[in-house]
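Asker: Read top to bottom, the protein sequences are chains A and B. Residue numbers 1 to 328, in the numbering used here, belong to the letters of the first sequence in order. Residue numbers 1 to 328, in the numbering used here, belong to the letters of the second sequence in order.
In case anyone wonders, no lab produced these hints; they're calculated from the structure. Mixed in with the good hints, there may be bad ones.
Now the in silico label distances, taken between C-beta atoms and shown as ranges [as the list claims (entries may be wrong)]:
| no. | chain 1 | residue 1 | chain 2 | residue 2 | range |
| --- | --- | --- | --- | --- | --- |
| 1 | A | Gly113 | B | Pro298 | 50 to 60 Å |
| 2 | A | Ala304 | B | Gly149 | 51 to 61 Å |
| 3 | A | Ala177 | B | Thr169 | 51 to 61 Å |
| 4 | B | Ala221 | A | Gly113 | 40 to 50 Å |
| 5 | A | Gly113 | B | Glu91 | 51 to 61 Å |
| 6 | B | Trp127 | A | Ala61 | 15 to 25 Å |
| 7 | B | Val85 | A | Ala288 | 44 to 54 Å |
Counterexamples of contact, computed for chain A against chain B with all Cβ distances above 12 Å [as the list claims (entries may be wrong)]:
| no. | residue |
| --- | --- |
| 8 | Ala81 |
| 9 | Gly87 |
| 10 | Thr102 |
| 11 | Leu110 |
| 12 | Asp128 |
| 13 | Ala247 |
| 14 | Gly250 |
| 15 | Val284 |
| 16 | Gly291 |
| 17 | Asp305 |
Examples of chain B residues toward chain A, derived with CB under 10 Å [as the list claims (entries may be wrong)]:
| no. | residue |
| --- | --- |
| 18 | Gly87 |
| 19 | Arg126 |
| 20 | Asp128 |
| 21 | Leu129 |
| 22 | Ile249 |
| 23 | Leu287 |
Note that the Cβ used here is the ideal one computed from N, Cα and C, for glycine as well.
Protein chains: 2
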Amino acid sequence: MNITVIGGGVGCARFVKGVREHAQRSGRDHRIDVVVNTADDWWVSGLRIAPDHDSLLYALAGVNDTVRGWGRDDESERVAAELQVWGTAPEWFTLGDLDLGTHIARTAWLREGLSVSEVYRRLGARWDLGVTLHPATDAEIDTHVLIEGAEPIHFQEWWVRHRAHLPATGFAQRDIADAAPAPGALEAIARADVVLIAPSNPVVSVGPVLAVPGMRDALLAASAPVVGVSGIISGAVVRGMADVCLAAIGLETSAEAVGRHYGARATGGLLDGWLVDTSDAHAVDALAPAGLTARAVPLWMRDADSSARLAADALALAADVALAADAH
Amino acid sequence: MNITVIGGGVGCARFVKGVREHAQRSGRDHRIDVVVNTADDWWVSGLRIAPDHDSLLYALAGVNDTVRGWGRDDESERVAAELQVWGTAPEWFTLGDLDLGTHIARTAWLREGLSVSEVYRRLGARWDLGVTLHPATDAEIDTHVLIEGAEPIHFQEWWVRHRAHLPATGFAQRDIADAAPAPGALEAIARADVVLIAPSNPVVSVGPVLAVPGMRDALLAASAPVVGVSGIISGAVVRGMADVCLAAIGLETSAEAVGRHYGARATGGLLDGWLVDTSDAHAVDALAPAGLTARAVPLWMRDADSSARLAADALALAADVALAADAH
C-alpha cells in the first residue's frame, strides 16, 4: 500500500512514526512518502536551515531530542556561541553542533547545485528511515509574516524571536507564484493509495504545501482518498502556536474550523475524511452538512502504540470513504 | 614606526608576536601590518578556510592551541565528525568546532558580497590584536600542486592528506594572473618604514604573496628597506615541510639558498637584508658577492623574549642597510 503524508515538523514526525509503526506491525508491504513543508526554511549565517524537514529526519532516525522536542539528541552549542560572537547568528535561534553539521552539509550540496530534492535524498540515505521525504517544492518559498504598521519579517524571526507575539495580519510565501511541486512529491501523490494530511500547523506547515501552484490540482486529480488529522484538540493546539496562526487568518482554534478550512472535496475542498478527537465528537455532526465525513477517535500521540492506532484509524477512515465513493 | 610583515601561518605568527612584543617593550608608537598569504585558502564542505590567516589571528588573539601548534585552544570536533558522516569533509582535514565558527562566519560574509579584506577586518575586530592583517589579494588564488603523471591537486590535499609525500614538480596559483594586491596590502607597503619577510615557507607562503601581479613592484617602489628572516636553520626547516617545497622547485634547503632565491635588491631581487641563524653564519660571507647583506643572529623563537629579540635584530639590520644606502 502506498501512503503519502503531507505536513512538516514535530507533529508530523510523530504521526509518520505512527504510520511506519502501523505498517511494520501489519506485516504487509507499505511504501510511505512524506511531502514536507519547506516554507519555514531560512538562511542564517550563510547556512540553509530546514526545521520541518530536520524534525522529521531526526525523529524517524531516532536521533531526535525527545525531552526538548526538537533538534538532535546529546546536543551541544559550541559553534553557535562563536557565531553569536561573530554576529552572524542571532542569540534567539538555537543552532546545535550536530544540527549544524546537517546545515553545513545541506548548504554545501545546494551551493554545488543540487536541488532540495536531491539534498533530501542524501540526508535521508544516512539512516534506514523506512520513509521517503520529499520537499513540497525545490523553490525557495520562505514564509514572511505580515505585521500591521511594520515591514514583513521572516517567519522564523516572528515564531522564534517574538514567540508569535507580534500581531500578524497574514502570511506570505515569497516567490511562491513561480514555484512548482517537486517531481518526487508529484509522483508520491500520483501513486498514493491514500493521502494523509498530518496534524501539523494548518496555516504555516500544511498551508504552504497546498499553496504551491499545481499541488492542490495534483491532490484532486489523484485517485487516492485524502484524509486529514486535526492538530487541534478540545479547542487547543497540541503543541506549538498554531492558534495564533489560525487567528491571524481569521479562523477559530477548533477541529471543526480547521476541517472547514481544508474543506470537503464535494464542495471544492480537499478532504474526503477528517479525524477529530473524541473530545471534539460534536464536530462530526456539525461538519456533515458541509459534506465532510468526520470521525472522532483518540488523537493524542503519547507513544508508539497510540500513534500507530491513530494511523490505523486514519487509514480505516480512508478505506471507508473510498468504499462509500465507489458505492455512490 | 610603521612595520609591515609579509608571510602567513604559524612561523609568521610567532614572528609577528615577537614584533608586537618588541614594539610594546620599546614604549614607542608602532603600527604593525601583516600582508598575509591567501594561497593556501580552500573551499571544503561549502566553507572557505584560510589557514595562514587563522593561524595569525588565533595566535595574536592568544586563543591558539600552543600544544598542537595550530587551531583554537580548548577545541572539540563534534561537527567535523558529522561532516565526515555526511561525506562533505574529508577525514584527513581537521575542522575544530570553534574553528568552524570562524569558517561559517567568514563564508557567510563572503556570500553576502564582502571582500576578503573586509572579512579580515571583521574577524580581526573581535580582539585587540595590536596588529592589522591584510590579505595579499582579494582574489581567489588557491595553490594547486603539479604532480608528474597526474592531475594537479589542491595544495591542502597534497599538504595535509598526502603529507607532501606525492612527488611535486611545481606549484601554481590558479587565476593569479587576474589577481591584484588588496588595497590595504598596498597601503601597508607604501607607508612602511620597514618591510620584514617572515620566516614562513618561501615557496607556498611568501612565494604566492610576491607572485600577485603588482606586489613585487609595490615592494621595490616603496621607500622602506626589505629584510627577510630565514625559516631554514642548519639546513632544516624549523617546522612544517618547506624542504619538500624547496626541493620541488629545485632549491636546496639552506638559509643561503633561500636568500639567493629572494635575491638582493642590487641584483634585481627583493632583499636589502637577510637574517640567518648563527649556525648558518657561513652564509653571510657566501652571500656577500651576490650583493646581499646577511647577518647571523639566533633565529629560534622559543618564547616571547627570543621572538622579541629576533624582531629587534631584524629592525636593526633594516636600519643599518638603510643607513648604508643613504651613505652610498
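Asker: Look at each hint and say if it fits the structure.
Answerer: Checked hints:
1. A:Gly113 / B:Pro298: 50 to 60 Å: Cβ of Gly113 (chain A) to Cβ of Pro298 (chain B): about 54 Å, so the range 50 to 60 Å holds.
2. A:Ala304 / B:Gly149: 51 to 61 Å: 58 Å, holds
3. A:Ala177 / B:Thr169: 51 to 61 Å: 55 Å, holds
4. B:Ala221 / A:Gly113: 40 to 50 Å: Holds: the Cβ-Cβ distance is about 44 Å, inside 40 to 50 Å.
5. A:Gly113 / B:Glu91: 51 to 61 Å: 25 Å, violated
6. B:Trp127 / A:Ala61: 15 to 25 Å: For Ala61 (chain A) against Trp127 (chain B), whose Cβ atoms are near 40 Å apart, the range 15 to 25 Å is violated.
7. B:Val85 / A:Ala288: 44 to 54 Å: Since the Cβ atoms of Val85 (chain B) and Ala288 (chain A) sit about 52 Å apart, the hinted range of 44 to 54 Å holds.
8. Ala81: 8 Å, violated
9. Gly87: Non-interface label on Gly87 (chain A) violated, nearest chain B Cβ at 8 Å vs cutoff 12 Å.
10. Thr102: Nearest chain B Cβ is 7 Å from Thr102 (chain A), so the label is violated.
11. Leu110: 8 Å, violated
12. Asp128: 15 Å, holds
13. Ala247: Check passes; 35 Å lies beyond 12 Å.
14. Gly250: At roughly 38 Å from the nearest Cβ of chain B, Gly250 (chain A) sits farther out than 12 Å, so the non-interface label holds.
15. Val284: Correct as stated: the minimum Cβ-Cβ distance to chain B is 47 Å, above 12 Å.
16. Gly291: Holds: least Cβ distance 48 Å, greater than 12 Å.
17. Asp305: At roughly 32 Å from the nearest Cβ of chain B, Asp305 (chain A) sits farther out than 12 Å, so the non-interface label holds.
18. Gly87: Holds: closest Cβ of chain A sits about 8 Å from Gly87 (chain B), inside 10 Å.
19. Arg126: 7 Å, holds
20. Asp128: Violated, about 15 Å.
21. Leu129: 15 Å, violated
22. Ile249: This hint is violated: Ile249 (chain B) lies away from chain A, its Cβ roughly 34 Å from the closest one there, beyond 10 Å.
23. Leu287: 46 Å, violated
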